[in-house]
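Asker: Let the sequences and hints guide you as you build the complete structure.
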Amino acid sequence: MNIYVILKRTFDTEEKIAIENGKISEDGVEFIINPYDEYAVEEAIKLRDDHGGEVTVVTVGEEESDKQLRTALAMGADKAVLIDDEDVEDGDQYSTAKILAAYFEDKEVDIILGGNVAIDGASGQVGPRLAELLDMPHVTTITKLEISDRTATIERDVEGDLEVIETTLPVLVTAQQGLNDPRYPSLPGIMKAKKKPLEELELDDLNLDEDDVEGKTRTLEIFLPPEKQAGKVLEGELDDQVKELVSLLRTEAKVI
Amino acid sequence: MAKKVLVLGEVREGELRNVSYEAIAAAKEISDGGEIVGLLCGESVSGIAENMIHYGADRVLVAENDQLKTYTTDGYNQAVMQVIDQESPEGIVIGHTAMGKDLSPRIAAKLQSGLISDITGIEKVGEQIIYTRPIYSGKAFEKKLITDGLLFVTIRPNNISALEKDESRKGDVAKVDVTIKDIRTIVKEIVRKTTDGVDLSEAKVIVAGGRGVKTKDGFDPLNQLADVLGAAVGASRGACDADYCDYSLQIGQTGKVVTPDLYIACGISGAIQHLAGMSNSKIIVAINKDPEANIFNVADYGIVGDLFDVVPKLTEEFKKVLV
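Protein sequence lines correspond, in order, to chains A and B.
Residues in the first sequence are numbered from 7 upward in steps of one, following this note's numbering.
Residues in the second sequence are numbered from 58 upward in steps of one, following this note's numbering.
Among the clues, some could well be false.
BS3-like mimics (lysine-lysine), calculated; alpha carbons at most 27 angstroms apart, straight line [said to hold, decoys possible]:
1. B:Lys250 <-> A:Lys238
2. A:Lys22 <-> B:Lys346
3. B:Lys167 <-> A:Lys113
4. B:Lys200 <-> B:Lys181
5. A:Lys260 <-> B:Lys339
6. B:Lys271 <-> A:Lys249
7. A:Lys202 <-> A:Lys85
8. B:Lys181 <-> A:Lys52
9. B:Lys200 <-> A:Lys150
10. B:Lys346 <-> A:Lys238
11. B:Lys250 <-> A:Lys150
Calculated from the structure, these hints are not laboratory results.
Answerer: Structure below.
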């Protein structure tokens, strides 16, 4: 099976956000594979172990994303591809999907896996956009995946309900939490990953011009939400506190 | 300049979802006096089409087809694309729900258009329309504008107020014929796991439990409080990882980001990832044994105490005053 994973480098979930010169500061920030993409990597490795074939992990991003690709290789992926988009002006989800589509144009694909959303930009667009550009069906927020011959039986989370979907390959799926427990890279895995192929591509290599992939949206400003002030911790007998709380919610906060 | 804006309404259990009314209000802002065209897809949905008019749509198109009974990406994609071809709207607004998230990027890709997902605010600066949306799960926000293609957005439930219902508003409701063929993803089964139909992302009140609930049964008092308040029940990652509840309840940086009017956190310590998912709620109540718990730093009101003592009393008190 030709298994592909699209992944993204993101801030660690522990990180606080600071703004410097109108941009999110990356000073001293730890980066990880976007957690939802990590489920996709794990699922891809399991698919390969069950059905044979090869797992290729692909990212569009800055050069430093090679670290996250190496992590995916250490988990067990076979090959990695980094497409450098640093020259793209106002790059957005349109740009990323178009770049990926150009990469996949001449590839034999059985399945593409990705996260259902990235924890930074959180648009959740790139997966379905790519599927459309490749004229492939997609299934989002999946929690279970079984493939037999060319048929995929998939469970997906729909706002808490579960939907069972059947489709045929090739398909693009996006992972939801609960799909699996991603493995940690083992030490031998990390050693092996250093020797696995990591291909670096520029837009030129995909016959794309910067203008072809210029974004359709522009960010004007980034700001932090007003800091929440610690409120009132009630005191006294518990019964009185409860009465006071209910009364405050009704009269002061007016939310009940 | 006045623009025609299409609003794709979403039907659940025979009713329009609240976010669809909010989408009409958002479309009004974007349209600048232009026409608001509602669209409903389904097997039999014309009965509720008028509701869209009452909430501000100028006319409503109804695409009824037995292939549209349940949502499928291909089915809805084809129906919506046929209507877009016919109507040539300059803007599209859809709720940022499971359906909106699944469908909108696909339509945007087909139209080679920009799309701004999950917006929480709209403002006009001169001729420009600027959209606000959370990033890093609400740890920061960004303001964006669309530079090319349709003015296409999905809106986060509970953030843009719907217009007041006006039953005297009149508008045309017309059926539109759509051809649906070749649905590649077949829905075999839908298993309802949500019990009372209060969805986390749209809930006005959320009662959430953390590690402090200690067991699966520990959610019982929370469920009882939620029943009295008509609230949805959520959880922290700690509670999900410990298997006290399903992952679909998880609120946080992984999981759902919610902005209800009232968030009652029970036995939740307040890890930064959880705060990212809920700290933009309007009012936060924290109930925790540990007075040093981080959750008290973002709470408007706090009670230091064991949730198993506090929550049942709170339920009783609400029962008394809400009768």
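Asker: Next step is simple, just say for each hint if it's right about the structure.
Answerer: Outcome of the hint check:
Note on B:Lys250 and A:Lys238: the hinted pairing is violated, with a Cα-Cα distance of about 36 angstroms set against a maximum of 27 angstroms. Using a Cα cut-off of 27 angstroms, the hinted pair A:Lys22 and B:Lys346 holds, with the two alpha carbons roughly 26 angstroms apart. Taken as a hint, the B:Lys167 and A:Lys113 pair is honoured in the structure, with Cα atoms around 21 angstroms apart against an allowance of 27 angstroms. Between the alpha carbons of B:Lys200 and B:Lys181 the distance comes to roughly 12 angstroms, so the proposed pair stays at or under 27 angstroms and holds.
Only pairs whose Cα atoms come within 27 angstroms are accepted, and A:Lys260 paired with B:Lys339 is accepted, the gap being roughly 11 angstroms. Annotation: proposed proximity of B:Lys271 to A:Lys249 holds, straight-line Cα distance about 26 angstroms (limit 27 angstroms). A threshold of 27 angstroms between alpha carbons decides the hint, and for A:Lys202 with A:Lys85 the separation of about 6 angstroms falls inside it, so the pair holds. Distance check on the hinted pair: B:Lys181 and A:Lys52 sit about 49 angstroms apart at the alpha-carbon level, beyond 27 angstroms; violated.
Of the supplied pair hints, the one linking B:Lys200 and A:Lys150 is violated, its CA atoms being roughly 36 angstroms apart against a limit of 27 angstroms. In summary, the hint linking B:Lys346 to A:Lys238 is supported, as the alpha carbons are separated by about 16 angstroms, within the 27 angstroms threshold. Only pairs whose Cα atoms come within 27 angstroms are accepted, and B:Lys250 paired with A:Lys150 is accepted, the gap being roughly 16 angstroms.
Of the numbered hints given earlier, the model fails hints 1, 8 and 9; all others are met.
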